[in-house]
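Peer 1: Order-wise, the sequence lines are chains P and B.
The first sequence stops at residue 281 when you use my numbering, and every number in between is there.
The second sequence stops at residue 178 when you use my numbering, and every number in between is there.
Hints are computed from structural coordinates only; laboratory data are not their basis.
Since we're looking at a predicted model, the values are computed, not measured.
Please note: incorrect hints may appear among the correct ones.
Anything over 12 Å on all C-beta distances counts as not near chain B; from chain P, calculated [to be verified]:
(1) 7
(2) 13
(3) 20
(4) 21
(5) 38
(6) 54
(7) 58
(8) 90
(9) 161
(10) 167
(11) 208
(12) 223
(13) 225
(14) 253
Heads up, simulated SDA-like pairs for lysine to any residue below, C-alpha to C-alpha not over 20 Å straight-line [stated by the list, open to error]:
(15) P:140 <-> B:139
(16) P:59 <-> P:33
(17) P:189 <-> B:145
Ideal Cβ positions, reconstructed from N, Cα and C, are used throughout, including at glycine.
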Amino acid sequence: MSDIHHLVWNGGLNTQIEIDKSLVFMDDESKPLFINVRLPRESYFVLYASSLLHKIKLKLRKDIDEVLPYIWFEQDGSNLPWNIPIGTLHDVMNPRISELPIEAAASSTSILVWKIRMVYGQELPQNHIPLTNGLEQVQKYWMHQWKQACFVLNGTSKQIMSMKMDDSKAFWQSVISRNVDIFSSMSDKIVPSIPRNIPVMVHRQNYMDFISQPLVIPQKESWKTTTLQTVLDSSEYTTTEQNTLAVVCQGIDVPCSILIEELYRDFVSLDGFLHLILQQQ
Amino acid sequence: MSRIITSESDTDNELSSQPSDLSTSQLLGQEPPEPLVVAGSDRSITMERKLELYSRRLSQIGLADKDDSSVSSASEQVVKTPTEQAAPRPIVAEKVRIKFIPIGSIPAIKPSVCKISAAQSFAAVITFLRGRLAVSHVFCYINNSFAPSPQQNVGDLWRQFKVGEDLIVSYCGTVAFG
Chain P
1 MSDIHHLVWN GGLNTQIEID KSLVFMDDES KPLFINVRLP RESYFVLYAS
51 SLLHKIKLKL RKDIDEVLPY IWFEQDGSNL PWNIPIGTLH DVMNPRISEL
101 PIEAAASSTS ILVWKIRMVY GQELPQNHIP LTNGLEQVQK YWMHQWKQAC
151 FVLNGTSKQI MSMKMDDSKA FWQSVISRNV DIFSSMSDKI VPSIPRNIPV
201 MVHRQNYMDF ISQPLVIPQK ESWKTTTLQT VLDSSEYTTT EQNTLAVVCQ
251 GIDVPCSILI EELYRDFVSL DGFLHLILQQ Q
Chain B
1 MSRIITSESD TDNELSSQPS DLSTSQLLGQ EPPEPLVVAG SDRSITMERK
51 LELYSRRLSQ IGLADKDDSS VSSASEQVVK TPTEQAAPRP IVAEKVRIKF
101 IPIGSIPAIK PSVCKISAAQ SFAAVITFLR GRLAVSHVFC YINNSFAPSP
151 QQNVGDLWRQ FKVGEDLIVS YCGTVAFG
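Only chain P is shown next, with the shape it has when bound in the complex (with noise of 0.2 Å):
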């Protein structure tokens, strides 16, 4: 595993979490209860619903098993859906560091901080999948995002279908307790030194009901000249306006001539697929 991939899943967001006033007793007139908490890019939301819940569980209404299938979390109104990994939630949904004011992004005194709410309700949000079996719910989500990606660089799911039952529970418990290297030791066992081809999501920013998945093969059979840019050229949504589209990766710019598996194998998401968030410049 390469130093960049530490680095990537070390990433970390400084998060203010706002919590809906009908989730705790409090006053109309009482000043909103904020969890200031730093989360991890490559994890889940939902695998810190319970955790943040337990931090406030004095002021809850009701007993947080009771709320934990009606919580989501938003920003701005919008929904920010727990089956994509929380660092590509801050990428949809956030400018770039080098689009805010110099004096935030460059003072050496300054956070950044990422606002959001938790918001409990009935009526779940329209890209809210229901959480009707907790964690165990997650981790099939998790793996079948896997299976997936399995298929996508192999051609086949055997490489994580045969997976034995003890090394799949280590993988889904490197996520929950962030080891990398188990994580990684696992991963390895999926993704082969050549790939079939590469699984890739693509999101826009401000969109987060848009997911694209391009089809990411390699140019003229050979991974060494297939850049970002050929991926970009092949996506039927950004022909035409390529030329103002940035495109982010785990919270950075990256350049569009990079070797779209070197950047795979750099930024993979803990979810097995390379999430690409396209940005106006």
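Given the coordinates of chain P, assemble chain B onto it according to the supplied hints.
Peer 2: Relative to the frame of chain P, chain B by itself:
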């Protein structure tokens, strides 16, 4: 941009040897980002596209009506839903073929091969199957292997995982491939 749902209940229960059209089923629950519905005559298709393009242009210049609105014609009912989260996908008239294969005791649907707009999300496929089978939930798998996310685009899945010209979707009443 707007989302359009079309219902043509007459065709839903027909048994036919020809591929059926998923977009003719009524879509409930999670809706696709921008389904392009082909129903009725070519003229109605053109009108629908024109309306959609017009709506998109209005959105771009900030004049779009954020409230729900509906438009209906003699042959079909078109319901527009809020536009704020619609994605900048191009209008794709392409349709892709899906072959449905039952697993276990769940009944087979006829015809087993259906056509769906490439712009639909996989949630539309799940909703279609639930409606056809009259069940509250159904588990779907691509190539007897994995369950895609409901937000994933059917056209993307077809391009990535098609076998011949069909996307193979197996379905089951219980978990088949954990």
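Peer 1: Hints the structure violates: just list their numbers, smallest first.
Peer 2: 9, 11
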